[in-house]
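Trainee: Chains as they are written, first to last, in the working numbering: chain A, 1 to 137; chain B, 1 to 317.
Hint data in this document are derived by calculation from the structure and do not stem from the laboratory.
Yeah, the Cβ is synthetic: ideal placement off N, Cα and C, and Gly gets one too.
Be careful, since some hints might not be right.
Stated by the list, open to error - If you want a taste of the chain B side facing chain A, the calculated C-beta under 7 angstroms gives, among others: (1) Ala134; (2) Gly136; (3) Leu151; (4) Ile193.
As the list claims (entries may be wrong) - No farther apart than 30 angstroms at their CA atoms in a straight line, the calculated lysine-lysine pairs in the DSSO-like style are these: (5) A/Lys77 x B/Lys316; (6) B/Lys284 x A/Lys90; (7) B/Lys211 x A/Lys68; (8) B/Lys80 x A/Lys94; (9) A/Lys94 x B/Lys316.
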Amino acid sequence: MTQQYSQFMRWTSRMVILSMLTMGLPLQSAFAGMVETDQAVSHELAGQDRARINAFIDREDVLAQLQKQGVTAGEAKARVNALTDDEAHKIAGKLDQLPAGGDVVGVVLILVFIFVVFLVTDVLGFTHFFPSTRSAR
Amino acid sequence: MTMSIRNARFLVGVFVLCLGACANPPQTRLVLSSPPVSLPRHAELSEVPFFAQEAFQCGPASLSMSLNAAGIAVTPETLKPELYLPDRHGSLQVEMLAATRRHGATAYQLAPELNDMLREIAAGTPVVILQNLAFGWYPVWHYAVAIGYDLDHAEIILRSGPEQRQILPMRTFEYTWARSGYWAMVVLPPGRIPETAEETSFIAAVSAFEKITDPERAQSTYIAALNRWPGNLAAQIGVGNTAYRLHDLAQAETAFRQAAHDHPDSVAAFNNLAQTLADQTRYKEALEAAHRAVSLGGPLAQVAQETLADIESRMKL
Chain A
1 MTQQYSQFMR WTSRMVILSM LTMGLPLQSA FAGMVETDQA VSHELAGQDR ARINAFIDRE
61 DVLAQLQKQG VTAGEAKARV NALTDDEAHK IAGKLDQLPA GGDVVGVVLI LVFIFVVFLV
121 TDVLGFTHFF PSTRSAR
Chain B
1 MTMSIRNARF LVGVFVLCLG ACANPPQTRL VLSSPPVSLP RHAELSEVPF FAQEAFQCGP
61 ASLSMSLNAA GIAVTPETLK PELYLPDRHG SLQVEMLAAT RRHGATAYQL APELNDMLRE
121 IAAGTPVVIL QNLAFGWYPV WHYAVAIGYD LDHAEIILRS GPEQRQILPM RTFEYTWARS
181 GYWAMVVLPP GRIPETAEET SFIAAVSAFE KITDPERAQS TYIAALNRWP GNLAAQIGVG
241 NTAYRLHDLA QAETAFRQAA HDHPDSVAAF NNLAQTLADQ TRYKEALEAA HRAVSLGGPL
301 AQVAQETLAD IESRMKL
């Protein structure tokens with residue numbers, strides 16, 4: 001369902017951007033006439049429509065997902081703005097799966113089994129789950 | 001009979017575990033057996049401030065320690081809305097890099113090498129690292145700041161969570177760190193370059209910084225990069241572009257001329273030089289540079305064509 005929805009959104013935004021481009025509306029930076037530093041040595045076609053559209057879609061996707069994860073609209077915009085195209089591409093569609101450093105020790109189910117496993121592996125020095133354990137070596 | 005097989009299995013299991021526990025993981029082994037000659041035996045950056053982590057806030061806490069160490073005063077509370085994902089109870093790696101840039105520092109992701117991490121610490125730069133404190137199938141992702149090491153005792157010293165000075169055996173540190181793909185980043189004030197910076201990745205990090213920060217800050221970092229890697233095209237263009245943004249056309253012209261001189265096949269250098277000259281109404285020289293840019297062709301040909309057309313139309317006015 002969500003998959004279908006986001007496919008639909010992707011397609012729609014592509015169409016919207018394409019029509020904007022064909023209407024000749026400006027979709028470029030305010031740095032007119034200059035080659036941006038990151039384009040200077042890039043082998044991709046600078047300002048190529050497809051690259052611009054893909055970057056735009058990635059950013060829209062990250063923006064929507066940030067808000068879905070509980071970030072306010074204004075802050076989400078600023079956060080997307082701080083990402084490079086590459087970074088936006090790296091996390092687009094994956095915000096709910098990528099590592100999110102938060103140190104979520106002791107949530108859902110800490111079974112005795114897991115407790116023991118971690119204790120043993122902590123002592124052996126493979127893990128550092130319990131702050132107070134000391135490795136045997 | 002069955003009992004003895006079970007016993008044997010158990011013993012083998014214990015043996016394998018012990019074997020694993022007694023051997024060091026690869027990078028630790030390498031660093032301990034053949035450390036880089038120039039690397040001191042131990043180092044600790046005691047002056048790095050400490051912010052104790054609140055629930056789930058290891059990202060903002062770690063980053064604020066690094067930013068403060070780079071001379072940028074910021075609290076974890078300020079960073080929280082820029083980094084934290086409420087529903088994930090954590091912060092993403094790329095946003096750690098992005099938030100650094102928002103606060104006026106260069107963010108550089110290190111090569112996935114323990115060696116490099118230690119060299120950065122020895123050079124005075126704390127390193128933000130991502131650990132998985134548990135297992136792949138039960139991940140507990142955690143950011144911390146590596147501030148010291150001791151090769152003689154095989155230890156890493158961290159500012160981590162509620163602990164101001166956590167000492168981990170190097171091998172345990174590597175096991176937890178390896179699960180994040182050895183992810184590490186440094187935060188640098190404008191004008192400074194990481195000890196272990198690799199030319200192309202670092203210039204890319206600066207151009208990401210340029211997009212969001214004041215041109216002055218990016219420019220001083222490009223200039224520092226040119227000192228380390230003289231003649232780097234992207235850094236030369238970066239100096240020119242930041243000067244152009246600051247409306248210092250004379251400096252921009254100098255930078256682009258240098259880039260064009262060192263890289264006679266760079267469309268970017270000639271195109272931006274043409275634009276800079278045209279803005280000074282020096283159309284004859286501008287036209288010459290624009291024609292050169294167009295003649296070079298390549299992926300930037302379209303931009304060069306537009307610049308040329310723009311100059312020609314301005315000349316008619």
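Trainee: Please go over all the hints and tell whether each is borne out by the structure.
Mentor: So, going through the hints one by one against the coordinates:
Annotation: B/Ala134 was flagged as interfacial toward chain A, and the flag holds, the nearest CB pair being 5 angstroms apart, inside 7 angstroms. Because the closest C-beta pair between B/Gly136 and chain A is about 11 angstroms apart, greater than 7 angstroms, the hint is violated. A distance limit of 7 angstroms between C-beta atoms decides the matter here; for B/Leu151 the minimum to chain A is near 16 angstroms, and the interface restraint is violated. Residue-level restraint check for B/Ile193 is violated (minimum Cβ-Cβ distance to chain A is 16 angstroms; threshold 7 angstroms).
For the proposed pair A/Lys77 and B/Lys316, the alpha carbon gap of about 42 angstroms is over 30 angstroms, so the pair is violated. A hinted pair counts as satisfied when its Cα atoms are at most 30 angstroms apart, and B/Lys284 with A/Lys90 does not qualify at roughly 45 angstroms. A threshold of 30 angstroms between alpha carbons decides the hint, and for B/Lys211 with A/Lys68 the separation of about 26 angstroms falls inside it, so the pair holds. For the proposed pair B/Lys80 and A/Lys94, the alpha carbon gap of about 21 angstroms is at most 30 angstroms, so the pair holds.
For the hint linking A/Lys94 to B/Lys316, the alpha-carbon distance of about 52 angstroms lies beyond 30 angstroms, and the restraint is violated.
In this structure, the hints that do not hold are numbers 2, 3, 4, 5, 6, 9, in rising order.
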